[in-house]
Structures are given as C-alpha cells and as structure tokens.
Amino acid sequence: GENVEQHPSTLSVQEGDSAVIKCTYSDSASNYFPWYKQELGKGPQLIIDIRSNVGEKKDQRIAVTLNKTAKHFSLHITETQPEDSAVYFCAASIRNSGYSTLTFGKGTMLLVSP
Amino acid sequence: DSGVTQTPKHLITATGQRVTLRCSPRSGDLSVYWYQQSLDQGLQFLIHYYNGEERAKGNILERFSAQQFPDLHSELNLSSLELGDSALYFCASSVDQKGGQYEQYFGPGTRLTVT
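As they're listed, the protein sequences go chains A and B.
Counted from 1, the first sequence has number 112 at position 112 by this note's numbering; the numbering is strictly sequential.
Plus 1000 on top of the position in the second sequence (first one is 1) and you've got this note's numbering.
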C-alpha cells in the first residue's frame, strides 16, 4: 500500500519567517495530495490541496508544490504568525475501486514564536 | 466548523466493554470515513462507507465494525475494548461522486479512554 513520510517532526520558527514541511510518497498512482492543520483539541482542517496535474498551488500565505517524478510534495508557509502554530499533516490519496482513501504522514508540529 | 458532527465528545469506559461512536456528515455528502488517531500511529484510516455501502477497509480490527444508515449518519462500534484502543476517533465526510477526487472534511472527534 501507500506509504507517506513527513519531515521534520517538529519545526520552530520566529514570527515572520517562512516554514517548509516536506513529504514523500511511495505509490506513483497517487494523484491527490491534501494538507491538514490540526489545532489542539480539534479535528484536522483542510488548508490546501493539489492534484497531480498541477505543479504548484498558492492560497495567500500558503503554497504547495508537487514533484511527481521524485514523488515528493511540500507545504510552504510565508510570513508565519503565532496562530499558525499547530500540527500539520500531509496525505496522499490512492483510488481503490473508484473511490479514494487517504494515507497520512506522521505530522509536523509547527511552533511560531512571537 | 466543518459541518461534520460527532458524538460524544469524550467517552470513558472499562476494558471489555462496547461503545458506539456517532457521526453525521455534511449536508449532501454521501461518503463517511472513520480514522483512529493515536500518538504512536498517527492518523490511521479504518473504514469507508458510501451511501450506505462499505467501500474500503483499512487497519480496522475485527472487534470494530461500522455502518451507515439511510439518513447517511454513521456509527462506529468498538467491542471487547482494550487499553490500546484509547485514542481519538475522527470521522470525515466527502461528496465522493464516482470518478472524482473530492476533499474530506473532518469532524471534531471523539476521545475514547479505556481504563
């Protein structure tokens, strides 16, 4: 099955700096890559996603890049703010009998210090 | 607020017992997915239902079962509970029309503690 690895497991940055989280996946058939943000005591919240026919997608301060050849994708957060502090999960989706299931990375705890 | 609701928010029970977790998907979503989140295993896919039918199984134990009802809400049943079943259980819903890739939206979760 699909395997998703995520790095780093923790990331500390100063407010205003950029943060980059990287993920690799194993199954070349995966074609949908969402990113989720999970705050303490809450469920994962979808923040951005990318499909395999696109190399980059941007939404205000966050962007995601995808390299299908190398089978890796990354989340970039610019001008970080304390409210960006949370655990971030990447995932890869593989289709099975016409429907998709998500395989998640282990998560990155991002801490933004004022 | 994702529009997905889960009850109860917290559940404390003893080993050997049986519990039922409930999930209501977003309006219009036909798919419900169940996930288990523990510190050492991360977010693990358990099972997927689409419009009342089981579609995919992940790392779900035989002691666990689920169903989706005609009104599209879903229940996850956990039986013969063990200490290791203590975790957060999330459901997610999606439109999931056949042939497409659709976003999954997560509920707030149920925290299960087995003592």
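Keep in mind that the hints were calculated from the coordinates and are not lab data.
From a predicted model like this one, the values you see are computed outputs, not experimental measurements.
It cannot be assumed that every hint is accurate.
Some but not every residue of chain A turned toward chain B, in silico, with C-beta under 10 Å [as the list claims (entries may be wrong)]: (1) 28; (2) 29; (3) 32; (4) 34; (5) 36; (6) 38; (7) 43; (8) 44; (9) 46; (10) 61; (11) 91; (12) 104; (13) 107; (14) 111.
Each residue gets a CB set at the ideal place from its N, CA and C atoms; glycine is no exception.
Contradicted hints - numbers only: 1, 2, 10 and 14
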